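Residue numbers (the working numbering), protein chains in the order written: chain A, 28 to 315; chain B, 28 to 315.
None of these hints come from the bench; they were simulated from the model. Some clues are possibly wrong.
No distinction is drawn between identical chains; accordingly, a pair holds when it is met within one copy or between any pair of copies.
[Stated by the list, open to error] As a list, the in silico DSS-like pairs of lysine-lysine whose alpha-carbon atoms are at most 30 Å apart:
hint : residue 1 : residue 2
1    : K174      : K160
2    : K119      : K297
3    : K203      : K297
4    : K268      : K174
5    : K160      : K180
6    : K42       : K180
7    : K62       : K160
This structure is a prediction, so every number in the text was calculated from the model and none was measured.
2 protein chains.
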Amino acid sequence: MKNSIHQEKAQKWFKQLRDDIVFTMESIEKDYASKMGGTAGQYDITPWSRMDISGQPGGGETAIMRDGLVFEKAGVNISTVWGEFSEEFRDKIPGASDNDGGFWASGISLVMHPRNPFVPPVHMNTRHIITSKSWFGGGADLNPIYKNDDDTKTFHDALKTCCDQHDPEYYTQYSKWADEYFWNAHRNEPRGVGGVFYDYLNNNDDAEWDKNFSFTKDVGKTFNEIYPQIVRVHMFDTYDKEHEDFMLFRRGRYAEFNLIHDRGTVFGLKTGGNVDAILMSLPPRVTW
Amino acid sequence: MKNSIHQEKAQKWFKQLRDDIVFTMESIEKDYASKMGGTAGQYDITPWSRMDISGQPGGGETAIMRDGLVFEKAGVNISTVWGEFSEEFRDKIPGASDNDGGFWASGISLVMHPRNPFVPPVHMNTRHIITSKSWFGGGADLNPIYKNDDDTKTFHDALKTCCDQHDPEYYTQYSKWADEYFWNAHRNEPRGVGGVFYDYLNNNDDAEWDKNFSFTKDVGKTFNEIYPQIVRVHMFDTYDKEHEDFMLFRRGRYAEFNLIHDRGTVFGLKTGGNVDAILMSLPPRVTW
Numbered sequence: 028m029k030n031s032i033h034q035e036k037a038q039k040w041f042k043q044l045r046d047d048i049v050f051t052m053e054s055i056e057k058d059y060a061s062k063m064g065g066t067a068g069q070y071d072i073t074p075w076s077r078m079d080i081s082g083q084p085g086g087g088e089t090a091i092m093r094d095g096l097v098f099e100k101a102g103v104n105i106s107t108v109w110g111e112f113s114e115e116f117r118d119k120i121p122g123a124s125d126n127d128g129g130f131w132a133s134g135i136s137l138v139m140h141p142r143n144p145f146v147p148p149v150h151m152n153t154r155h156i157i158t159s160k161s162w163f164g165g166g167a168d169l170n171p172i173y174k175n176d177d178d179t180k181t182f183h184d185a186l187k188t189c190c191d192q193h194d195p196e197y198y199t200q201y202s203k204w205a206d207e208y209f210w211n212a213h214r215n216e217p218r219g220v221g222g223v224f225y226d227y228l229n230n231n232d233d234a235e236w237d238k239n240f241s242f243t244k245d246v247g248k249t250f251n252e253i254y255p256q257i258v259r260v261h262m263f264d265t266y267d268k269e270h271e272d273f274m275l276f277r278r279g280r281y282a283e284f285n286l287i288h289d290r291g292t293v294f295g296l297k298t299g300g301n302v303d304a305i306l307m308s309l310p311p312r313v314t315w
Numbered sequence: 028m029k030n031s032i033h034q035e036k037a038q039k040w041f042k043q044l045r046d047d048i049v050f051t052m053e054s055i056e057k058d059y060a061s062k063m064g065g066t067a068g069q070y071d072i073t074p075w076s077r078m079d080i081s082g083q084p085g086g087g088e089t090a091i092m093r094d095g096l097v098f099e100k101a102g103v104n105i106s107t108v109w110g111e112f113s114e115e116f117r118d119k120i121p122g123a124s125d126n127d128g129g130f131w132a133s134g135i136s137l138v139m140h141p142r143n144p145f146v147p148p149v150h151m152n153t154r155h156i157i158t159s160k161s162w163f164g165g166g167a168d169l170n171p172i173y174k175n176d177d178d179t180k181t182f183h184d185a186l187k188t189c190c191d192q193h194d195p196e197y198y199t200q201y202s203k204w205a206d207e208y209f210w211n212a213h214r215n216e217p218r219g220v221g222g223v224f225y226d227y228l229n230n231n232d233d234a235e236w237d238k239n240f241s242f243t244k245d246v247g248k249t250f251n252e253i254y255p256q257i258v259r260v261h262m263f264d265t266y267d268k269e270h271e272d273f274m275l276f277r278r279g280r281y282a283e284f285n286l287i288h289d290r291g292t293v294f295g296l297k298t299g300g301n302v303d304a305i306l307m308s309l310p311p312r313v314t315w
């Protein structure tokens, strides 16, 4: 059920959310700088066209902050792409075979790698995909270097409140799905402390589209409220080289997940995506 | 064509080659130390049992040098494992379905990550696998940070000489296969400057086994002669932070290849291998 108004609304929202998140994270940088000195980190926003990369339609913008005071590397991507899935790939995507592989996809994806080992890295992504079907998907998960029960509770409580406003079943289902999805199978360990993950939230009619879009927007807004709170709790924490070394080690596990298991990464790499945009999720420095 | 004498001979050779390589690389470390001072790097050899990891038979030894003067991280693994491939996996391995998935595999695998950006990283692996079929496979490829035509020629010439002693077709076939195999598809770029790659070198009778084993041994010996020569040419080269930063960046591409594309890595992770041994190939420090 392709609907150009829906597409436009979704695409516009992802861009608005990107702007909001960029504003929030740059505010954190400024607040840090005003207390501790130094130059507040800023995002560089770079538009790209998929036509230039794979000859297929669509494009997006990467927003990346490097060497900030709080964020060592923090990328926020938005993109809107369409075209046809390869024969090999279309069987794996709902409604793509019925549609000669035709698809449209728009979304936002972010990963934050803080400098301080006590500020947890985080990931958030929401997307709207249309084949012969139409659905929303997304998720957010916290990936602390050192687990902190208060942060975990803060993060999960906020996501639960968000979910509960839309459907009493969501939090139970989607936090469980996050535990399953963000699982570093080859290490037999979780990637982090979870959050929510949802997919194939189908839009069979306009009312469902409105409901699912509203939920998807709230996941983004919730992220942009709660993660900054957690950052501000820890961004002045003191740490030493041992903590930093452990952070670099744990970032290795994060990189392994993204390169071996992450479905979004595979989706992007297999559909002629912007490799640099897709792999902006990788940590700035890693040790193995 | 399972043959316990063949299995024993192959397994013994891989261990002998490991000992030879450890000796060679530690000699390089000592020579460097005697000229420049510092403590020569040494390998730590650790036996492991697969029974402890996945409950399946087999095991091996990891030999890893960390923080050497010449080698920042250099791992050499040997392992011999057997059991049954999963239903999902056996269709992908020649002769495994005819054998209820039963397999035996023994091999050596190494990756060297030098400290000096002008000393090229290298990979070498040879293996003997038995299902209802029996074959050898292996390869070696050079992965310079800065391409150097002399080193590339030295490396390829030695492998060509080795190949030519066994079959006039080998070098042409196997260097081409290396170019195809060590291809970082998502980046549309080669991993390095190639070398040789061969697989499914079938042993249909004892004579073929002898021939293929002899070739496989020579690939290992050739590696252990030629790579040290290249290391010794460059290990005293001067470099600055810019060179080092570029090395850390290029190591990211190497890590991407291993985690996204490398068949050996997937084989290991899907067959209950020792994750730490498999991923010892990852560079010690990486930036993205």
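Hint check results:
For a Cα distance limit of 30 Å, the shortest separation of K174 from K160 qualifies neither inside one copy, at 39 Å, nor across copies, at 49 Å. For the identical chains of this complex, K119 and K297 are neighbours both inside a copy (12 Å) and across copies (21 Å), given an alpha-carbon limit of 30 Å. Proximity of K203 to K297 under the C-alpha cut-off of 30 Å is found in both arrangements, the shortest distances being 27 Å within a copy and 24 Å between copies. Taking the closest pair of Cα atoms, K268 and K174 come within 30 Å of each other only inside a single copy of the chain (18 Å); across copies the shortest separation is 34 Å, beyond that limit.
In this assembly of identical chains, K160 and K180 lie within 30 Å of each other by CA distance neither inside one copy nor across copies; the values are 36 Å within and 55 Å between. For a Cα distance limit of 30 Å, the shortest separation of K42 from K180 inside one copy, 29 Å, qualifies, whereas the shortest one across copies, 51 Å, does not. Proximity of K62 and K160 under a CA criterion of 30 Å is satisfied in neither setting, with 51 Å inside one chain copy and 69 Å between copies.
Violated hints, in rising order: 1, 5, 7; the structure is consistent with all others.
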